[in-house]
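Single-letter residue listing:
2 protein chains.
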Amino acid sequence: MQSQHRTTADVTTADVVVVGAGVIGAAIAWRCAQRRIAVVTVDPDPTRGAWHTAAGMLAPVTELQYTETPLLHLNLDSLRRWPAFAAELAAELGADERAVGLRRTGTVLVAWDAADLAALRDLHAFGQRFDIASILIGGRDLRGLEPALAAGLPGGLHAPDDHQVDPRLLRDALARAGRRRGVRHVTAEVTRVRTTGDRVEGVDLADGTTLAAPVVVLAAGAWSGTLAGPPPGAVPAVRPVKGQTLRLRLPGTPVLNHVVRGRVKGNPIYLVPRADGRIVVGASTEEAGFDRSARAGAVYELLRDAQSLLPELGEAELAEISTGLRPGSPDNAPLVGASGALGGLVVATGHYRNGVLLTPVTADGVAALLADGALPDVLHPFAPDRFERIPA
Amino acid sequence: MQSQHRTTADVTTADVVVVGAGVIGAAIAWRCAQRRIAVVTVDPDPTRGAWHTAAGMLAPVTELQYTETPLLHLNLDSLRRWPAFAAELAAELGADERAVGLRRTGTVLVAWDAADLAALRDLHAFGQRFDIASILIGGRDLRGLEPALAAGLPGGLHAPDDHQVDPRLLRDALARAGRRRGVRHVTAEVTRVRTTGDRVEGVDLADGTTLAAPVVVLAAGAWSGTLAGPPPGAVPAVRPVKGQTLRLRLPGTPVLNHVVRGRVKGNPIYLVPRADGRIVVGASTEEAGFDRSARAGAVYELLRDAQSLLPELGEAELAEISTGLRPGSPDNAPLVGASGALGGLVVATGHYRNGVLLTPVTADGVAALLADGALPDVLHPFAPDRFERIPA
Numbered sequence: 001m002q003s004q005h006r007t008t009a010d011v012t013t014a015d016v017v018v019v020g021a022g023v024i025g026a027a028i029a030w031r032c033a034q035r036r037i038a039v040v041t042v043d044p045d046p047t048r049g050a051w052h053t054a055a056g057m058l059a060p061v062t063e064l065q066y067t068e069t070p071l072l073h074l075n076l077d078s079l080r081r082w083p084a085f086a087a088e089l090a091a092e093l094g095a096d097e098r099a100v101g102l103r104r105t106g107t108v109l110v111a112w113d114a115a116d117l118a119a120l121r122d123l124h125a126f127g128q129r130f131d132i133a134s135i136l137i138g139g140r141d142l143r144g145l146e147p148a149l150a151a152g153l154p155g156g157l158h159a160p161d162d163h164q165v166d167p168r169l170l171r172d173a174l175a176r177a178g179r180r181r182g183v184r185h186v187t188a189e190v191t192r193v194r195t196t197g198d199r200v201e202g203v204d205l206a207d208g209t210t211l212a213a214p215v216v217v218l219a220a221g222a223w224s225g226t227l228a229g230p231p232p233g234a235v236p237a238v239r240p241v242k243g244q245t246l247r248l249r250l251p252g253t254p255v256l257n258h259v260v261r262g263r264v265k266g267n268p269i270y271l272v273p274r275a276d277g278r279i280v281v282g283a284s285t286e287e288a289g290f291d292r293s294a295r296a297g298a299v300y301e302l303l304r305d306a307q308s309l310l311p312e313l314g315e316a317e318l319a320e321i322s323t324g325l326r327p328g329s330p331d332n333a334p335l336v337g338a339s340g341a342l343g344g345l346v347v348a349t350g351h352y353r354n355g356v357l358l359t360p361v362t363a364d365g366v367a368a369l370l371a372d373g374a375l376p377d378v379l380h381p382f383a384p385d386r387f388e389r390i391p392a
Numbered sequence: 393m394q395s396q397h398r399t400t401a402d403v404t405t406a407d408v409v410v411v412g413a414g415v416i417g418a419a420i421a422w423r424c425a426q427r428r429i430a431v432v433t434v435d436p437d438p439t440r441g442a443w444h445t446a447a448g449m450l451a452p453v454t455e456l457q458y459t460e461t462p463l464l465h466l467n468l469d470s471l472r473r474w475p476a477f478a479a480e481l482a483a484e485l486g487a488d489e490r491a492v493g494l495r496r497t498g499t500v501l502v503a504w505d506a507a508d509l510a511a512l513r514d515l516h517a518f519g520q521r522f523d524i525a526s527i528l529i530g531g532r533d534l535r536g537l538e539p540a541l542a543a544g545l546p547g548g549l550h551a552p553d554d555h556q557v558d559p560r561l562l563r564d565a566l567a568r569a570g571r572r573r574g575v576r577h578v579t580a581e582v583t584r585v586r587t588t589g590d591r592v593e594g595v596d597l598a599d600g601t602t603l604a605a606p607v608v609v610l611a612a613g614a615w616s617g618t619l620a621g622p623p624p625g626a627v628p629a630v631r632p633v634k635g636q637t638l639r640l641r642l643p644g645t646p647v648l649n650h651v652v653r654g655r656v657k658g659n660p661i662y663l664v665p666r667a668d669g670r671i672v673v674g675a676s677t678e679e680a681g682f683d684r685s686a687r688a689g690a691v692y693e694l695l696r697d698a699q700s701l702l703p704e705l706g707e708a709e710l711a712e713i714s715t716g717l718r719p720g721s722p723d724n725a726p727l728v729g730a731s732g733a734l735g736g737l738v739v740a741t742g743h744y745r746n747g748v749l750l751t752p753v754t755a756d757g758v759a760a761l762l763a764d765g766a767l768p769d770v771l772h773p774f775a776p777d778r779f780e781r782i783p784a
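Listed in order, the protein sequences are those of chains A and B. Sequential numbering from 1 applies to the first sequence in my numbering. Sequential numbering from 393 applies to the second sequence in my numbering.
Relax, there's no trap hidden among the hints.
Partial selection, computed: residues in chain A whose CB lies under 8 Å from chain B:
#: 1; residue: L248
#: 2; residue: R295
#: 3; residue: A296
#: 4; residue: G297
#: 5; residue: Y300
#: 6; residue: Q307
#: 7; residue: E315
#: 8; residue: L318
#: 9; residue: I321
What the hints contain is simulated information worked out from the structure, not anything from laboratory work. Quick reminder that beta carbons are idealized off the backbone N, C-alpha and C, glycines included.
Please take these sequences and the hints and turn them into a complete structure.
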């Protein structure tokens, strides 16, 4: 077993260097180590990643438009992987699935008005095509499921299998399981990917040292597009998409039983009750570059809409304001697979709003690529160089 | 000159122990040290004091009801002391008044509607009785003074001499000036006031040591009523009154020239532009015991009303949420003077919303009491045992 933090002096070579130790990077490292690949993760501060802000809802349909896209199939594939993924991770740590963050609360989608209720009927029909369980409910049943919600809501859609994962518990569990399997971690900024000819040969760190490896996995989230070294076509086209969430805490017994999602006068809002009693409220979507400061207007709107759904939140403690940068690709779908432009460079980023949901399929896929040489079919549409191949 | 933090081992006796090193305690210590009194201040964490949250407006009339009370005269007396107090403090530090926190911005009281404007006319007339300069202005002049305010406001009242003090700069300056004069500070919790017969003899600290002194000044703000040791009648009757403020930061050049106060649909709100570009927004008033957590509903209301007056605040960074506990007495007026029930105990607390405004008169008064044996007349109505003398 390795210690968590080590200096770079004793880590100079590996089979694979994973740049970024958020949920995606830590999961890839764990899965690779299970296959006896020698992995080093490098990250100056994993908590700056989007996972640290995220609510971690496992809700692949409600995040999508009504089109049967490859992304929907990827989301559903990863959703199906989640129970076994959590069970295996928990088993390696001698824990249960709750300890690694999975919480089986189900989700209630709340209709704000009659038009919303009609939209939820369409969503219900759409979900049935993919065997996603959901039940349309009226106002009385809604109050039965969630008595603390505002009076007068006309009904909603109960999705009993749309669960949640606490990304902070998940990342911690992935890092611990990785360490047990021999994953080494270096706390440092990567300044460039080293190349020789048309292949990677490792990464340079801010302290002047080098990690040598024939394979570099780029899992640096919103920062993945900023790394120096690779030729232009090999750098993933990701941009930061700012998101803010709040963590509120009400005294006494928990008031929410499910993840609650809804729209208040058209503004999407969610309330995710954690096992520790906090409620995660989210999320803004802002294009603001790498600025991670809390914007007053976004906090205001989250508090306003959250109180509209759950009035007693006005009395809650505002325990945390968190701001993260989602990695957005040109089509907001992930970028997973070998770079076409630089040998040994593998990309795993661009997960946008679905990083936690897509963690199992991404980690399984990249480990399969590195151990067996082939990516699962479901990931083929998400090749990182797909935008290069489309005529401008 | 003494070092700021010392262990209790080398501080065992003094002429005066001041319990609490907020703006009131630090100012009393400085004023006493100027008169060659050996002073020790004791505080486990001065930043928990209400001053750290406060906006520091010097606005004695607008905080009051329309009655000519002793408190109004005290407020006006302290307001008149402020320029010389700031000048003297600055001179001792080789700085100017801005460095000790005084910022001469004046205040604009904004009317939200016609009824508000009528109320400001009354306030204008009331202020004239006390030679407080103020000018009634219409909507056009209001936009001229503060172009960034929301469109359509009908007018307001310009109080050119109602300035502001940054309490964080002030407390820092008072502590530094005190140190230069020989004030010693101990970072510790006071567990009880030691008494012998009917006199104080010092204080016991949480680490088991004792500070011996014939005089103890109780300037512990909202915590002043919790100290063990004195007989019941000698403990000041103060309760904590929670207040929340926000600190917002807009990029670029400052958008506000004055302190801006107003009511939005009846809810009072103020915006205080600091020299460093931040805008302090306040303040809630809540009776919640010693709970200092941020309440979501209060943050929401401050953001809502602040944006109503200054719409571009929605784009501001929410840089800080601060919660403080104002020391409120039974009549919300301060408690300053010798305890009638315990010899050597002097009280300086209960300043409620006016601690910064009342710092000069309180510090001058307590120093006069300790050096000359008499409190200024203006403080006589604020004897700490005044409630004991009123028949129930």
